[in-house]
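*Asks:* The hints should help you fit chains B and U onto chain F, whose structure is shown.
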Amino acid sequence: MSTESISLPRTGTAPRPLAEGLHQWVTTVDHKRLGILYILYALLFLLIGGVEAIIMRIQLIRPHNDFVSPQVFNRMFTMHGTTMIFFVIMPVMFGFANYLVPLMIGARAMAYPRLNAFSFWMTAFGGLLLYFSFIGGDGLYGAGSAPDVGWFAYAPLTSQTFSRGHSTDFWILSLLVSGVGSIGTAINIIATTLCLRCKGMTPGKMPLLAWLNLTMAGLVILAVSPLTAAQLMLLVDRYLGGHFFDTQAGGSAVMWMHFFWVFGHPEVYVLVIPAFAFASEIIPVFSRKAIFGYPVMVAATICIAFIGMSVWAHHMFTVGMSSSANTFFVLSSMAIAVPTGIKIFNWLATMWGGQIHFRTPMLFCIAFLFQFLIAGLTGIMQAVAPFDWQLTASYFVVAHFHYVIVGGILFTLFGAFYYWFPKMSGRMYNEALGRLHFWLFLIGFHLTFDFMHIPGILGMPRRIYTYEPGRGWEVWNLIVTIGVFFQAAGILVFIGNLLWSYLQGQLAGSDPWDAWTLEWSTTSPPPVYNFAIIPEVKSRRPLWDLKHPEDPDWQYE
Amino acid sequence: MNNRNTASGSLFTLGPRAIVLFCASAFAAFAEPARSPLSPTNIFAPVSTPAQSIFDLSRFVLMITAAIFVVVFSLLVYAVMKFRKKTPVDSREPAQVYGSTQVELAWTVIPILIVVVLFLAAARVIGSIQNMARPDNAIDVTVIGHQFWWEYRYPSLKVVTANELHIPVSNPAHPVPTFLTLLSADTDHSFWVPRLAGKTDLIPNHPNTMWMDPHETGLFLGQCAQYCGTQHAKMLLRVYVDSREDFARWIQAQSQPAAAGRTSSEGQKIFEQTACINCHTIAGTPANGTYGPDLTHLMSRQTIAAGAAPNTFGNLIAWIYNPAVIKPGCKMPSMGLSIRQANAVAAYLETLR
Amino acid sequence: MSAPSFTFPASNIRWDLPERGPVAMYCLIASESAIFTIFVVAYIFYLGKSASGPQPRDVLRVPIFFTICLLASSLTIHLAVRSLRRGKLRSFGLSWLLTFTLGAIFLAGTAREWHHLIYEEGLTIQTNLFGTTYYSLVGLHAFHVTVGLLALATVAVFTLFGHVRQEHAQRAEVLSMYWHFVDVVWIIVFTVVYIVGRQG
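Protein chains in written order, with our numbering: chain F, 76 to 632; chain B, 12 to 364; chain U, 166 to 365.
With the rest of the complex left out, here is chain F:
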């Protein structure tokens, strides 16, 4: 896709363009190609994770169903969660960061191109290792195959006593490997953002996407490491006879929970902050207004990252912590609602008084605003610990976090796909198909995840392969399952649109959206060197300044 051409010396053998093309992609250190590799990899795992979800929902469509055995179901929810978080959302966010950050800060490359490639291949290998467990995981007593301990792998279920065979080891090792890749990418993003900005782009003039990915990278560095540490401890327990989480020897199962959630909670901010970045770039352009309150948006994001490191035990309100500990975590979890709410208000204020263009990226971002509002409110409900004593570990919390991840993150991700697809491919996507995708997915999302809150309120726990009739859960589970098929249809339309548009779409030109950040100042797709001449900027919206020389931003910032 890039305009780079490497002419190989002619030898006596016939040219093999496919082999050469593949070789270029496999050995690339170009941040744009690596970004696309990450994104395509994530899309593949999105489909796989989606199939796992479909299997679960079919099993739960009615009580005492026998579509799959309990063993298979338990593997499905473990793999679905692990896949979606580590091999879909994280890679796709790294992919977009890789592609966009150098372009948006006026750089030619990431700070460490080879580390970049290494990180991608580590992440990719981690995913393949995890999925190899389906076929390669047989261990003692035939108790192998894919991990089935839940994506948070609580001790002592993961000890050798209760998880024989190698399925848990696949979970540990694949995440250790991809964790190395994540930390490598995070280091790269931070070094790039701090060291390679073009002239005039002080931190206060960086696009919000650059700020937010910088924050996300900082969180990855601080949060993925505790998971790495905990997994090393688990390996010591499983293979060296250690007792970190061995409750029979005085070890603490609760300690695993603390270590896991010290990772797990900041991890959700790692997932959502780049989604905020997409919204912060798309909403202004399609409202034809600058983002409202840029400094506070930056400050709020940094606050979210800091406070987010102090809320982890709100995932543990039922484990028997003291009332003081529970109360503290209520306080910190409530506190984080404030900067998060501020961001919603700022996006709202950006649209206010603007001229809203309802193109596909904006449709997804508007839906994001409504849905993230609801997700935040159900989050506040669960921050109230006593209420959480009923709601946690039920379908209410499953509905809540899917509301954030699908309704919040995936929606802005779709918006980002449509917004930057013209830049990455040089072609416009089909707007009618984009809208079809939007409406199908919106209907499916709401059918599934709105109604999913109800079984939670009616007492249905999570991670159960079947349920009893007569508890009032049947009709809601049916509706939830039906919604899944609308979502699947939407995704198929999306993939079809990407393929068709890539092959047949109208040429997009460099700036189809009349936008204001630096990536739109170069060709679509950009050349391998990004910019013929490195830009120099005076404000947060350099292209606005050039398009409106009578009223440039730098007079107001």
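Keeping only pairs whose Cα atoms sit at most 25 Å apart, straight-line, the calculated DSS-like set for lysine-lysine is: (1) B:Lys96 - F:Lys418; (2) B:Lys342 - B:Lys280; (3) F:Lys622 - F:Lys274; (4) F:Lys622 - B:Lys96; (5) F:Lys418 - B:Lys93; (6) B:Lys97 - F:Lys622.
Cβ-Cβ distance ranges computed for the label pairs, FRET-style: (7) U:Asp181 - F:Tyr604: 20 to 28 Å; (8) F:Arg239 - B:Thr220: 31 to 39 Å; (9) U:Lys214 - B:Thr220: 15 to 23 Å; (10) F:Tyr577 - U:Val322: 44 to 52 Å; (11) B:Glu283 - F:Arg137: 38 to 46 Å; (12) F:Ala374 - B:Pro183: 48 to 56 Å; (13) U:Arg330 - F:His98: 33 to 41 Å.
Not close to chain U: a few residues of chain F, all C-beta gaps over 12 Å, as computed: (14) Trp100; (15) Glu127; (16) Trp226.
Since the hints were derived computationally from the structure, they do not count as laboratory data. Glycine residues also receive a C-beta, built at the ideal position from the N, C-alpha and C atoms.
*Replies:* Okay, now just chains B and U, sitting in the frame of chain F:
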């Protein structure tokens, strides 16, 4: 001027009042402490003080979050409708507004106030539930979670049973709460009977306590709420809240050893000669295993296999013959008995009233 | 695709950004610090909780000499980098080798200590909570020392072949930051394991 706003959805023309009424009635449908509830496990149908405190707190929280939702949702809807681009598209860009200190201050301070209020409300209820002092007349039960069944021990009443918990009803004027000590023999579990209390986990090497004081008699359902392995889904909870007299009678019956027959039946012989006695206890016989549920008064229970099947003769035979048919992945192995042998053992178990 | 016609106005403002090497190394140090923090927390949490087996105050001997070696190696590496920045390749080489030697002595000391604990005190990673957390924490640190020594050795080999010159001073400095980090971690591990952990 070409006004395109009127073309949009008819829901909004119903007006805000109608929407509020709709939401309120939907909420009330869940909130109704029900005679015939939507569900026997509805968290909004409490019958015990902890569940009631949570319910009251949740109504307060829901009111506040509903108000926030209505305000922000309305503003979003208004913005999306009012500020859509006009046709023909105005070629001038709208006024660029970069921020506003007053507005931003307002929407920082107001959320902080809301959050403080919610925090204080939560803190109060945390204290009232967690730090409740145990009165002297409380009933003590030790609950031990196993993969995939519940063990109940009444230390001062000298009763050991499994899977179906009996506790006395508690008159709010003279409460007799039941305090549970929660332990685990293997992995993490969670005790969740929504109408009685919030859930509390059973974690090995980490004892927890919870309490409940139901003011209605009846059967209350729940199930394990922390993934504990293959059959987590069928680790069901049945809590019988008995009148004081019924509870006393039940305790009395449970503390007796098994009714001994005049001669050992064939089933009893098979039971005692196969490895059954290694896992199960039948008080007054050589069977004293603790890996599986105590069967001394098996026939006093309405279900078997931690609620996975009704306690009928046919189910007993099926369960003994091959537990994996009812609960695949459970820890009770098939002992390789013939159908006839399983029949005999079931007949023996039927004498354990 | 026609080339877009944006011409950005040029100015001659000063534009100094940090170097990528130190930034990346600080990030790596932050991430490794988070890993060590978790191991230290586990160690502290389990102090006094081993129901049986050897206890810290019974079997641990404070490794003062080896600690001094390791901390001194921070000084020698600092001197090495300073020499390289000034172009003094010979004294750089000597200080660098001295750093390696001191680090290797420290590792040997750890090995000796472990030999004593395993064969004479009967403390292994399986023995009890103290054994598990002690070997994990000290072992994780020793692993980081080993990686550092490998990196130092690699630079030493390059130096011997004349490939390290004054212009590479910043790279050597970045590596020395890692080495200082390893020493700071040791100060913390030393305090927690051999001082605090041996009380009570």
